[in-house]
Amino acid sequence: MENVAFDFQKLLSSDEPLTFLAGAGISVDPPSCLPSARGIMSDIIRFCCPKDAADDLLSEPLISRIKYEYILGLFRDSGDNDLKIMDYFAQAEHPNALHKFLAGRIRKGNIVMTTNFDFLIEYALGLGDKNARAVITKGDFQKFTDPVELTRKDMNVLYKLHGSQKNVFTGEDTAESVITTLDAFAKEKEENVFALPHYERETFLRACKGRTLVVMGYSGGDVFDIIPALMHTKDLKRVVWVEHTAAPGGNITSSDITASNVQQDSALDRLLQQLNRGTGVEVTKVRGNTSHMCGGQTHKPHDERIGERIEPPLEWIIAHFERVSDGLKEHLAARIYANYGVPNKALTHYQLSYDRYKEIDNDPGMANQLGNMGLIYMDTGEPQKAREGFEKCLRLSKQIHYKTGIDFATEQIRRLDGL
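Each residue of the sequence shown is one higher than the one before, starting from 46 at the first, in the numbering used here.
Treat the hints with caution; some may be incorrect.
Think about it this way: if two alpha-carbon atoms lie no more than 20 Å apart in a straight line, the pair counts; the simulated SDA-like pairs of lysine to any residue are [stated by the list, open to error]:
1) K188 x V213
2) K198 x S264
3) K188 x K232
4) K403 x L359
5) K112 x L359
6) K153 x L56
7) K254 x V326
8) K232 x Q396
9) K188 x E221
10) K129 x V369
11) K112 x D228
12) K153 x P242
13) K153 x P62
14) K96 x F366
15) K448 x G426
16) K96 x L420
17) K153 x D191
18) K279 x V326
19) K282 x K232
20) K153 x K129
21) K55 x F366
22) K279 x S264
23) K430 x N407
24) K232 x G124
25) K145 x K232
26) K188 x K112
Computed spacing ranges between beta-carbons, pair by pair [stated by the list, open to error]:
27) D424 x D60: 24 to 34 Å
28) R460 x L56: 51 to 61 Å
29) E221 x P409: 22 to 32 Å
30) N389 x N126: 30 to 40 Å
In short, the hints are calculated from the structure, not lab data.
Yeah, the Cβ is synthetic: ideal placement off N, Cα and C, and Gly gets one too.
Model the full structure from these sequences, guided by the hints.
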């Protein structure tokens, strides 16, 4: 991979039709001051898991494989049924230079899509903008199917690919869109590709057809549902991936990523090489300070809003949620290990969860962990041990008249008998 003379500023100032995809990284700079996706994910793991497991899960290379939305879904399953965690994102009310930049691109007729849960691009557009729309729900995507046509009608549309708690332009409660996203992640094992829903994928492909896609605010490991969608489009003109560096100033480097490049050491470069190989589309990585390149400014020390930091996620979570029980902490750690292909550690923590529940005479909790250990043995190709786990789960569930456990274990044993 060699540096190339690619003029990113010239691209932005041209009349070329552009499509932008923005991730959580765009909301880090002041005055927005939201943590990165990894920062939020790390604090949720520290809150939900025992310390030893959290330290291990947050170490490389495992942390790079864990998906942000999967952890949000796990947090919901730990007791946040009403998705109160989304209130954390709603605290940010001051758009930064990047949000204003993207709002400006929308007004200029470019297409902007985001996977963010905050409302900062909407705020930058202005809640009083009568032409502004947020496309969030399945119904929205089915109604606003052609992004290019909408730009010709002078509509200022933002596409929120992972949903949103509400539509700030209309006041509509759209929490179901977030639930749909988290449910989809919960059903996917790491080795299976999570894809955008078909109604979003069609809109996404239309937004990219014949255009340059500019990607910003992503580390590379957090676009696992976007890359498969890109793999299905042969009409994309070019991908320009903005890799953020923290240093302020105008030092910008560009490089072409091609399938013929030598093997890349960077996970991001490997991802981009895979994209080039799969589509044949020109892929250029631009490295520099994103706010400087796009927002046209850097934040000066005397900016008073720099001090208006949002409370760190862990502190906010501790203040707004009840403590997770020891048994549930072990269970949640086990689920993460199981989902990301570490069965031996999943077994260890399911057993520890069983032990914690046994200490407090929580029979349903014990039955659940026996069943979960059976599932791990199924995954590791040990059907006899799996059967033993399911049978123990069934016996205990019958003793306590625990219907959920009875139904689960009976079904698993039936499946084993059919092998």
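Hints and how they fare:
no.	hint	in the structure
1	K188 x V213	holds (18 Å)
2	K198 x S264	violated (34 Å)
3	K188 x K232	violated (27 Å)
4	K403 x L359	violated (29 Å)
5	K112 x L359	holds (18 Å)
6	K153 x L56	holds (14 Å)
7	K254 x V326	holds (12 Å)
8	K232 x Q396	violated (23 Å)
9	K188 x E221	holds (17 Å)
10	K129 x V369	holds (15 Å)
11	K112 x D228	holds (13 Å)
12	K153 x P242	violated (28 Å)
13	K153 x P62	holds (10 Å)
14	K96 x F366	holds (18 Å)
15	K448 x G426	violated (27 Å)
16	K96 x L420	violated (25 Å)
17	K153 x D191	holds (17 Å)
18	K279 x V326	holds (8 Å)
19	K282 x K232	violated (33 Å)
20	K153 x K129	violated (35 Å)
21	K55 x F366	violated (48 Å)
22	K279 x S264	violated (24 Å)
23	K430 x N407	violated (23 Å)
24	K232 x G124	holds (18 Å)
25	K145 x K232	violated (36 Å)
26	K188 x K112	violated (30 Å)
27	D424 x D60: 24 to 34 Å	violated (54 Å)
28	R460 x L56: 51 to 61 Å	holds (55 Å)
29	E221 x P409: 22 to 32 Å	holds (29 Å)
30	N389 x N126: 30 to 40 Å	holds (31 Å)
When held up to the earlier numbered hints, the structure conflicts with 2, 3, 4, 8, 12, 15, 16, 19, 20, 21, 22, 23, 25, 26 and 27 and fits the remainder.
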